[in-house]
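Colleague: Sequence:
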Amino acid sequence: MTSQIKKLAEAIACKGISIRTTNHAEISHDTAKLGRLWQKFYQNHAGQLPEGEDIYGVYHNYESDDLAGAFDVVASWKTASEKDDQSDSERTASTSNVVEVTIPAGKYLVFSEEGHMPNTVMNAWEKAWEYFNDPNCEHTRNFDVDFEHYIGGNLEYGQVDVYIGIE
Numbered sequence: 001m002t003s004q005i006k007k008l009a010e011a012i013a014c015k016g017i018s019i020r021t022t023n024h025a026e027i028s029h030d031t032a033k034l035g036r037l038w039q040k041f042y043q044n045h046a047g048q049l050p051e052g053e054d055i056y057g058v059y060h061n062y063e064s065d066d067l068a069g070a071f072d073v074v075a076s077w078k079t080a081s082e083k084d085d086q087s088d089s090e091r092t093a094s095t096s097n098v099v100e101v102t103i104p105a106g107k108y109l110v111f112s113e114e115g116h117m118p119n120t121v122m123n124a125w126e127k128a129w130e131y132f133n134d135p136n137c138e139h140t141r142n143f144d145v146d147f148e149h150y151i152g153g154n155l156e157y158g159q160v161d162v163y164i165g166i167e
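In UniProt numbering, the protein residues as written are 1 to 167.
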């Protein structure tokens, strides 16, 4: 699929579980943390979400605009209303390490893929990296917040949109 620019008109509030990692750490099975983060999220939180609930992987707190720097990743669900906040209390009662993160309104370049996870999300990120590593790239990453949007909440097969924050 191709990339497109999307303007997020409103911020998205999310809650989930978080890790800090680097791209270098994710290369090795021994030091990779993302797979374990998503496994823990799936085991402890995804089953408590309403069926079809969208899931977000939020990348933020970038150490630098260099791909070698550390960053935080939050495997999360959207929170928006008082009803959601009550449900969140039930979801997080057994887990004290739940964090809140906000996806800011703004301009994003979106890379969409559909298929079996995690290959589909890795393919979307690969396309994003290829795009931004091209010297003729017409957009500049802002290294504020990037995120994965798992449409319909399916972490096994489905569509994922990778949103890269741009200036």
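Each hint should be verified, as a subset may be incorrect.
[Said to hold, decoys possible] Using 16 Å as the maximum straight-line C-alpha spacing, the simulated EDC-like pairs for lysine to aspartate or glutamate come out as follows: (1) Lys-107 to Glu-10; (2) Lys-107 to Glu-148; (3) Lys-7 to Glu-167.
FYI, nobody ran anything at the bench for these hints, they're computed from the structure.
Keep in mind that this is a model prediction, so the values were computed, not measured.
Colleague: Hint by hint, work out which the structure violates, then give me just those numbers in ascending order.
Modeller: Hints that this structure does not satisfy do not exist here, as all of them hold.
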